[in-house]
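Participant: For reference, the chains in residue letters:
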Amino acid sequence: MVQNIIDVRNLSKSFDISTKEPGLKGTIKHFFRRETKSLKVIKDISFEIKEGEIVGFLGANGAGKTTILKMLCGLIYPSEGSILVSGHLPFRRKENFLKNITLIMGQKQQLIWDLPPIESFYLNASIYDLDKIEAKKRIKKLSEMLEIDEELFIPVRKLSLGQRMKSELLAALIHEPNILFLDEPTLGLDINAQRNLRKFLQKYNKETNATICLTSHYMKDITSLCKRVICVQEGSISYDGKLDLLLKKLSPVKEILIVCRSEEDAIKLENSGFTVKNKIKNEITIKIENNSITSSLKTILNNFDIEDLFINEPPIDEIIGKILIKKDYDI
Amino acid sequence: MNLRKYLKVYKKFLHTSLASELEYKTNILVDLITAILSLIGSIFLLSIFFQNNGYIGGWEFEQALIIQGIYTILNGITNTWFNPNLTEIVKHIREGTLDFVLLKPIDSQFFISLKKINPSGILEIMLGYCLLCFCIRINQININLSFLTLSMITISCSICILYSLWFFISTTTIWFVKTWNATEVLRSFLYIGRFPLNSFSFSLRIFFSVFIPIAFITTIPSEVFLGLSQLWKILLEVIVAAVFLITSRKFWLFALKFYSSASS
Chain A
1 MVQNIIDVRN LSKSFDISTK EPGLKGTIKH FFRRETKSLK VIKDISFEIK EGEIVGFLGA
61 NGAGKTTILK MLCGLIYPSE GSILVSGHLP FRRKENFLKN ITLIMGQKQQ LIWDLPPIES
121 FYLNASIYDL DKIEAKKRIK KLSEMLEIDE ELFIPVRKLS LGQRMKSELL AALIHEPNIL
181 FLDEPTLGLD INAQRNLRKF LQKYNKETNA TICLTSHYMK DITSLCKRVI CVQEGSISYD
241 GKLDLLLKKL SPVKEILIVC RSEEDAIKLE NSGFTVKNKI KNEITIKIEN NSITSSLKTI
301 LNNFDIEDLF INEPPIDEII GKILIKKDYD I
Chain B
332 MNLRKYLKVY KKFLHTSLAS ELEYKTNILV DLITAILSLI GSIFLLSIFF QNNGYIGGWE
392 FEQALIIQGI YTILNGITNT WFNPNLTEIV KHIREGTLDF VLLKPIDSQF FISLKKINPS
452 GILEIMLGYC LLCFCIRINQ ININLSFLTL SMITISCSIC ILYSLWFFIS TTTIWFVKTW
512 NATEVLRSFL YIGRFPLNSF SFSLRIFFSV FIPIAFITTI PSEVFLGLSQ LWKILLEVIV
572 AAVFLITSRK FWLFALKFYS SASS
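Protein sequence lines correspond, in order, to chains A and B.
Our numbering numbers the first residue of the first sequence as 1 and each following residue consecutively.
Our numbering numbers the first residue of the second sequence as 332 and each following residue consecutively.
Looking at chain A on its own, in the form it has when it is part of the complex:
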């Protein structure tokens, strides 16, 4: 049986936020007397993650995804509740725990700006107490997986964003962690760089059985990497389960474009009881519920003269977008 590697129980986090009125008057007032209010950004959440799982955290900006990741890796103290990651209390940041995890943030970098990435790799290797031979071996292996070579010897400031991100990944994985926390790792990357990064993460997960917790606003990252998603809405979990079930739940019907041999067939089909979205000459678009697609298609093919048909999957960004709108969608 696969063990739980992350166990979160009734976790909450509050921050003290200072508020400021607009204008000069507000600025002066803010300078002398700051009004602060406690804001509960994470509200009593619980979940478990099994070893080797890739879990995507979905939610709008400010929903609390990054705060959850930061509490899981021990950067932020929880206000209430408990977290156990790989048998450790993360916020104690014990050496054995830190050697097991890594955090990669798409918008922040740890590489030394003026030097080639290889210098940062060897620095990290010494911090993780790896000898030179072992470090060299791991750099070679990871650089092959990430398909980077010459870039290792070019100053970071002269690398493209995609090359820099690959180097960031290598620097963050040199100690071969078994839990990866990724906060928008593909942010700002072009389509090819995004695809390469996803390919690498899939391969890394397959080869090392590492657990990956991921946040991303690029739906392709989520759909190609995560079987399971946790949706965060205003600090609470609104859905925790399989991605395909969520998609079915959010989009219970499919659109089918049917091209009939003649316009008469299209008219016959229009009046046969299916929900019609639109009809142009001999082309008709109907809506069918997911659970009755097979039987409905069978009926159509047996009773009408069909030239061609297309099943249109609704755009995933559109579906997921529904749950990113605050207070607007109940899963």
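Think of the hints as simulated: they come from the structure by calculation, not from any bench.
Where a beta carbon is used, it is the ideal one built from N, C-alpha and C, also for glycine.
Among the clues, some could well be false.
What the hints assert, rightly or not - Residues of chain A placed beyond 10 Å of chain B at every Cβ, according to the derived structure: (1) Ile256; (2) Leu257; (3) Glu263.
Unchecked claim - Simulated restraints, written as ranges between beta carbons of each label pair: (4) B/Arg536 / A/Leu84: 49 to 59 Å; (5) A/Asn61 / B/Arg536: 51 to 61 Å; (6) B/Glu426 / A/Leu297: 52 to 62 Å; (7) A/Asn96 / B/Arg335: 11 to 21 Å; (8) B/Asp438 / A/Leu84: 20 to 30 Å; (9) A/Lys298 / B/Glu426: 54 to 64 Å; (10) A/Lys25 / B/Ile359: 45 to 55 Å; (11) B/Lys581 / A/Pro314: 54 to 64 Å; (12) B/Tyr355 / A/Pro314: 52 to 62 Å; (13) A/Lys242 / B/Lys336: 35 to 45 Å; (14) A/Lys108 / B/Arg335: 25 to 35 Å.
To be verified - A short, non-exhaustive set of chain A residues, derived as facing chain B with CB atoms under 7 Å: (15) Lys70; (16) Leu75; (17) Glu95; (18) Lys99; (19) Leu123; (20) Ser126; (21) Ile127.
Fit chain B to the known structure of chain A by using the hints.
Facilitator: Same frame as chain A, but now just chain B:
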């Protein structure tokens, strides 16, 4: 603490930091010229003060030069290690890159205090050392084991006090986010350390001994050089240094509990 690992990491810090600095040759040259001009300017300023009667606070010009020498060494240490590292704390906290430091299996205080080095500050340390050697000659100071031991102890304590003060102020960034000005105020106070403590009024002497112990930083080591030091003062400096060092460490660990990281 695994000392071997920390030495290995420090060696890497030195290597990467020097390599980064050497990427900008002109910058290093300008820094070196600034250090030499700053020392010449300080000695010139000091000589003006001594022009009238040759004494300030009971110290002759040749004796006061010892304070200048110690100040130059301490300023060199500040420019070599404290300035490049401790001012970065503010940046780390504002931009949230402290996350990377905290997630490394290494002491975070060690990491953020020693990661960088500014090689031009080393020249200042060497200049200060040369000035001290010159002072030893003109003041006819007898070099023996006890002199060497006591001067080493007092200068080391001065470094600890200075580091702790700076680190303490930088740590408050966790709550106040921006504290550049506070570290600048500390640097301004440090300039005061170029003059003998006795040259100030009684109230200022109390202030610079009790509240901001600048007096300990330069005057006591200088007294050791001149054989004027009293054992209780040296002991007091050791105690003050230990208290400052321990307090700054505890304060850092306490402050980290309030670190909220920067938003993404």
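Participant: Would you mind marking each hint as holding or not holding in the structure?
Facilitator: Quick rundown of the hints versus the structure:
no., hint, in the structure
1, Ile256, "41 Å, holds"
2, Leu257, "41 Å, holds"
3, Glu263, "55 Å, holds"
4, B/Arg536 / A/Leu84: 49 to 59 Å, "56 Å, holds"
5, A/Asn61 / B/Arg536: 51 to 61 Å, "56 Å, holds"
6, B/Glu426 / A/Leu297: 52 to 62 Å, "55 Å, holds"
7, A/Asn96 / B/Arg335: 11 to 21 Å, "18 Å, holds"
8, B/Asp438 / A/Leu84: 20 to 30 Å, "24 Å, holds"
9, A/Lys298 / B/Glu426: 54 to 64 Å, "60 Å, holds"
10, A/Lys25 / B/Ile359: 45 to 55 Å, "49 Å, holds"
11, B/Lys581 / A/Pro314: 54 to 64 Å, "58 Å, holds"
12, B/Tyr355 / A/Pro314: 52 to 62 Å, "54 Å, holds"
13, A/Lys242 / B/Lys336: 35 to 45 Å, "44 Å, holds"
14, A/Lys108 / B/Arg335: 25 to 35 Å, "31 Å, holds"
15, Lys70, "6 Å, holds"
16, Leu75, "5 Å, holds"
17, Glu95, "4 Å, holds"
18, Lys99, "5 Å, holds"
19, Leu123, "5 Å, holds"
20, Ser126, "5 Å, holds"
21, Ile127, "5 Å, holds"
Figure legend: structure checked against the earlier numbered hints; every hint is met.
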